[in-house]
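Chemist: Sequence:
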Amino acid sequence: MKSIIFFIFTLLFCPSISDKTGLTSVPSFLKFIPPEKRIAMENIILNQTLSQNQVNSKLDEWGLTLGRLFNNLYLSHKNAFLETKKQLKEKHNLMLQQETDEEYKKVDSQIQALADNLDMPIIEIRRGIQSIINNQTEEMKQKIKEKAPY
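In mature numbering (1 follows the signal peptide of the UniProt record, and there is no 0), the protein residues as written are -18 to -1, 1 to 132.
Since the hints were derived computationally from the structure, they do not count as laboratory data. Only a predicted model underlies this, so the values are computations on that prediction, with no experimental measurement involved. A couple of the hints might just be wrong.
[What the hints assert, rightly or not] Between beta-carbon pairs, the in silico distance windows are:
1) 46 <-> 92: 35 to 41 Å
2) 127 <-> 25: 29 to 35 Å
3) 62 <-> 92: 26 to 32 Å
4) 102 <-> 69: 21 to 27 Å
5) 66 <-> 39: 16 to 22 Å
6) 121 <-> 20: 40 to 46 Å
7) 54 <-> 109: 33 to 39 Å
8) 128 <-> 60: 26 to 32 Å
9) 29 <-> 59: 15 to 21 Å
10) 31 <-> 59: 21 to 27 Å
11) 59 <-> 35: 14 to 20 Å
12) 82 <-> 117: 17 to 23 Å
13) 108 <-> 129: 50 to 56 Å
14) 21 <-> 61: 22 to 28 Å
[What the hints assert, rightly or not] Taking lysine-lysine pairs in the DSSO-like style, the calculated list, with each CA pair at most 30 Å apart, reads:
15) 71 <-> 40
16) 127 <-> 60
17) 40 <-> 123
18) 87 <-> 125
Cβ coordinates follow ideal geometry from the N, Cα and C atoms, glycine included.
The task is simple: from the sequences and hints, build the whole structure.
Modeler: What follows is the structure in structure tokens.
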């Protein structure tokens, strides 16, 4: 019963760690887990030598160490994030269908191929994307920035 009351309290009165809107990149439930669990999560997320699939797997394992209530909160946040990312990607793909600049489409395709590679280490993806962007004209760099899916 205590865990149900705590869960309801968390959802109703603690929408965010950083503000009153609930809009934050840090889920509010992390405020209530032990510091060592938060540090373990941060170590996973900040490890850029891991691939996105490895990060996801390690975070899922980490979520299981939190107990059922917090694991469910973690999974809810994870699923909401993945759904939002999917919607942004779909919106970007619709925009590309209307795009007439073939050079932009080519560059975007190269960037998206790297960004969508869930098995490549994150640091390599970031370096690859940055290299592609750095090799563009200022005009193309601006266009990439304006039309980025996320």
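Chemist: Now look at each hint and say whether the structure bears it out.
Modeler: Hints, verified against the model:
1. 46 <-> 92: 35 to 41 Å: The hint (35 to 41 Å, Cβ to Cβ) holds, given that residue 46 and residue 92 are roughly 37 Å apart.
2. 127 <-> 25: 29 to 35 Å: holds, 31 Å
3. 62 <-> 92: 26 to 32 Å: 29 Å Cβ-Cβ, so the 26 to 32 Å window holds.
4. 102 <-> 69: 21 to 27 Å: holds, 24 Å
5. 66 <-> 39: 16 to 22 Å: holds, 21 Å
6. 121 <-> 20: 40 to 46 Å: holds, 43 Å
7. 54 <-> 109: 33 to 39 Å: Given a distance of about 36 Å, which is inside 33 to 39 Å, the answer is holds.
8. 128 <-> 60: 26 to 32 Å: Cβ of residue 128 to Cβ of residue 60: about 29 Å, so the range 26 to 32 Å holds.
9. 29 <-> 59: 15 to 21 Å: holds, 19 Å
10. 31 <-> 59: 21 to 27 Å: holds, 24 Å
11. 59 <-> 35: 14 to 20 Å: holds, 18 Å
12. 82 <-> 117: 17 to 23 Å: At roughly 22 Å between Cβ atoms, residue 117 and residue 82 fall inside 17 to 23 Å, so the hint holds.
13. 108 <-> 129: 50 to 56 Å: violated, 19 Å
14. 21 <-> 61: 22 to 28 Å: holds, 24 Å
15. 71 <-> 40: Holds, at roughly 24 Å.
16. 127 <-> 60: holds, 26 Å
17. 40 <-> 123: violated, 34 Å
18. 87 <-> 125: Satisfied, since the Cα-Cα distance of roughly 11 Å is no more than 30 Å.
In the structure shown, a violation is registered for the earlier hints numbered 13 and 17, in ascending order.
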